[in-house]
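S.K.: Fit chain Y with the ligands to the given chain G structure using the hints.
The residues making up each chain are set out below.
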Amino acid sequence: MDEARISRHGSRARLWLAGGWLLIALLAAIFAPLVAPQDPLAQDLMLERLPPFWLGGAEPGYWLGTDSLGRDLLSRLIFGARIAFIVAFAAAFAACLVGSTLGLIAGYFGGWADRIISRIVDVWMAFPPVLFAILLVAVLGTGLSSVIIAIAVIDWTRFCRVIRAETMGQSRMDYVENARIAGYGRIGIMLREVLPNVVPSIVALLSLEMGIAVIVEAILSFVNLSISTDDPTWGGIIAEGRLSIHQAWWVLVFPLVTLILTVLSFSQFGEGLRARFDPVLR
Amino acid sequence: MNAPAKPCLDIRNLSAVLPNGLRVLRSVSLAVEPGEVRALVGESGAGKTMIGKAVLGVLPPSVRIVEGNMLLEGEDLGRLAPKARRTLIGARTALIPQDPLTALNPSRRIGPQMTDRLVRILGWSGEKADARIRQLLDEVQIRDPERVLKCYPHELSGGMRQRVLIAAAFAAEPRLIVADEPTTALDVTVQKQILRLIAQLQREHGTAILFVTHDLGVVAKISQKVSVLYAGKVVEEADTAALFAAPQHPYTLALMAATPRYTDPFASLKPVDDKVLAGLAAEIAAADQAWRRPHG
Ligand SMILES: Nc1ncnc2c1ncn2[C@@H]1O[C@H](COP(=O)(O)OP(=O)(O)O)[C@@H](O)[C@H]1O
Ligand SMILES: [Mg+2]
Numbered sequence: 001m002d003e004a005r006i007s008r009h010g011s012r013a014r015l016w017l018a019g020g021w022l023l024i025a026l027l028a029a030i031f032a033p034l035v036a037p038q039d040p041l042a043q044d045l046m047l048e049r050l051p052p053f054w055l056g057g058a059e060p061g062y063w064l065g066t067d068s069l070g071r072d073l074l075s076r077l078i079f080g081a082r083i084a085f086i087v088a089f090a091a092a093f094a095a096c097l098v099g100s101t102l103g104l105i106a107g108y109f110g111g112w113a114d115r116i117i118s119r120i121v122d123v124w125m126a127f128p129p130v131l132f133a134i135l136l137v138a139v140l141g142t143g144l145s146s147v148i149i150a151i152a153v154i155d156w157t158r159f160c161r162v163i164r165a166e167t168m169g170q171s172r173m174d175y176v177e178n179a180r181i182a183g184y185g186r187i188g189i190m191l192r193e194v195l196p197n198v199v200p201s202i203v204a205l206l207s208l209e210m211g212i213a214v215i216v217e218a219i220l221s222f223v224n225l226s227i228s229t230d231d232p233t234w235g236g237i238i239a240e241g242r243l244s245i246h247q248a249w250w251v252l253v254f255p256l257v258t259l260i261l262t263v264l265s266f267s268q269f270g271e272g273l274r275a276r277f278d279p280v281l282r
Numbered sequence: 001m002n003a004p005a006k007p008c009l010d011i012r013n014l015s016a017v018l019p020n021g022l023r024v025l026r027s028v029s030l031a032v033e034p035g036e037v038r039a040l041v042g043e044s045g046a047g048k049t050m051i052g053k054a055v056l057g058v059l060p061p062s063v064r065i066v067e068g069n070m071l072l073e074g075e076d077l078g079r080l081a082p083k084a085r086r087t088l089i090g091a092r093t094a095l096i097p098q099d100p101l102t103a104l105n106p107s108r109r110i111g112p113q114m115t116d117r118l119v120r121i122l123g124w125s126g127e128k129a130d131a132r133i134r135q136l137l138d139e140v141q142i143r144d145p146e147r148v149l150k151c152y153p154h155e156l157s158g159g160m161r162q163r164v165l166i167a168a169a170f171a172a173e174p175r176l177i178v179a180d181e182p183t184t185a186l187d188v189t190v191q192k193q194i195l196r197l198i199a200q201l202q203r204e205h206g207t208a209i210l211f212v213t214h215d216l217g218v219v220a221k222i223s224q225k226v227s228v229l230y231a232g233k234v235v236e237e238a239d240t241a242a243l244f245a246a247p248q249h250p251y252t253l254a255l256m257a258a259t260p261r262y263t264d265p266f267a268s269l270k271p272v273d274d275k276v277l278a279g280l281a282a283e284i285a286a287a288d289q290a291w292r293r294p295h296g
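Those sequence lines, one after another, are chains G and Y.
Using this note's numbering, you'd call the opening residue of the first sequence number 1 and step up by one each time.
Using this note's numbering, you'd call the opening residue of the second sequence number 1 and step up by one each time.
Isolated chain G, as found in the complex:
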């Protein structure tokens, strides 16, 4: 009883902390032009490599300092959040839709449907994901939509595998048999009886996948395969920061921290939501 209460408190705290950070980042992304203190693209050689506000030599209005071209780091991070969130939502939803649908079908119907879908997943997963992504973007061309497509094309298998296994477990339960005895149709049972029981997992995976999409987008930006180099992206900033690590560590550290916090928050938020959604855990 006590343990349950502690873990429930833990999961609630997780949900609020992670959700809080994500909300702040999301609002900053949506209202970037209003909240960013500077123009993220404006270069000023007089202001290059300014340190963050608490160090000597900082300028007011440049809270996290500037990069080697004198661009404001905070503003660049805020605008970078836009791309990160667009990619996170679009790619994760696309991967979720494809993967969960196929996973549900494979897990519920079994037999041929399952054999075909599982074989495709196995073949798919034999490709190393990062190479796969780079290859795809190279083929599709750089740009926001290519990045989104690449992530969805690679990561639907994660949803498919987990949802297939969960659906299989649920389909073996007596309530599914009961629904069949009552005379419900197969598809009706899949959608009305089984699906609600795998939704908590779908939600958790979706949030996790958003975090993964943020990382993949950052990696692609890092190797210069993402969006055009003008738009600030977290990966792009990290790539630039790496070059000036000895002169201006903050250009590397702040985007890294932002990235990690965001990715962690997505996964924790997902776990928290799962606990919330699941009537048995609740």
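There's no promise every hint is true.
Across the chosen pairs, the derived CB separations fall in these ranges [claimed, not checked]:
hint	chain 1	residue 1	chain 2	residue 2	range
1	G	Ala113	Y	Gly45	41 to 49 Å
2	G	Arg172	Y	Gly45	14 to 22 Å
3	Y	Ala290	G	Arg119	29 to 37 Å
4	Y	Thr189	G	Arg172	25 to 33 Å
5	Y	Val63	G	Ile260	49 to 57 Å
6	Y	Ala285	G	Met125	48 to 56 Å
7	Y	Gly126	G	Ile116	48 to 56 Å
8	G	Ala113	Y	Ala84	21 to 29 Å
Hints were generated in silico from the structure; no laboratory data involved.
Given the structure is predicted, the values throughout are model-derived calculations rather than measurements.
Even for Gly, the Cβ is constructed at its ideal location relative to N, Cα and C.
M.R.: Using the frame of chain G, we list chain Y with the ligands on its own:
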């Protein structure tokens, strides 16, 4: 043979095999007359659940029916198109399952879960279904239906869940209920109440029940007829009273010797002895031999 009323359920010569060719049901014949409780008794693994699943049309895909008929109120289930069969089974039968936890959908509240079937399968109005469910919850002696209807299954005790499932089974007024060891998963103290409840609702509604159990004590309490199953074969069938008065088959005798009696709880219980088992093995082998000849 010239009885005017059709049996509610008439299983004739039913055989089912596993993919490895093993027969799990060996030419089973068994009838349940309208309004009667027929017990199906046998040890674990005898194929009792398999018979119930065959009747309800939910055999595992690996199990194949190779001979025999099942007639539900005179309609041969094997002759119906799958859709018509589902509809018939859905309208005329219900299951009271062994494990009341997994038989309820964990993510749906009890209320909608119970009314859904009446509304969607039988086409009742929402109000009518709701009223019916409340009436049945009252019949199974659930005192606070408002709370129960709003609960998720895991918020109820095992006994309460089984009450809910009994109410759900009787709600649609099926002609036949298959009760598959409905008390086995429950606490001993609850078992008796649930058994009494099933017997009471059965009497009031006049529903025929195929009552699966491994417990002869339960058979004596609830049934009018009984079939004894061993290794998928009906080895004895009789009126319950006659069976207890004068069991014909050595296996039935052995089962009785292995069942504790309330009148003499300290009498030693005898496991089924080797001679009986050898006799059974020979009987099964002979039956399979006879069966294989025409079936190649
Ligand atoms: N899904 C299945 N596939 C194949 N064989 C099964 C399956 N379920 C049960 N069996 C086998 O069928 C036989 C009868 O099982 P069952 O009807 O569950 O017995 P009972 O209900 O009398 O305990 C057992 O020997 C069991 O091993
Ligand atoms: Mg059984």
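S.K.: Next, verify each hint and record whether it holds.
M.R.: Quick rundown of the hints versus the structure:
1. Between G/Ala113 and Y/Gly45 the Cβ separation comes to about 31 Å, which falls outside the hinted range of 41 to 49 Å.
2. Distance hint for G/Arg172 and Y/Gly45: a CB-CB separation of about 19 Å, consistent with the stated range 14 to 22 Å.
3. Range check, Y/Ala290 to G/Arg119: Cβ separation about 44 Å, and the 29 to 37 Å hint is violated.
4. With their beta carbons about 30 Å apart, Y/Thr189 and G/Arg172 fall inside the hinted range of 25 to 33 Å.
5. Separated by about 53 Å at the C-beta atoms, Y/Val63 and G/Ile260 satisfy the suggested range of 49 to 57 Å.
6. Y/Ala285 and G/Met125 have their C-beta atoms about 50 Å apart, which keeps the hinted 48 to 56 Å range intact.
7. Checking the proposed 48 to 56 Å range against Y/Gly126 and G/Ile116 shows it is violated: the Cβ atoms sit about 41 Å from each other.
8. Remark: the range hint 21 to 29 Å for G/Ala113 to Y/Ala84 is upheld by a beta-carbon distance near 25 Å.
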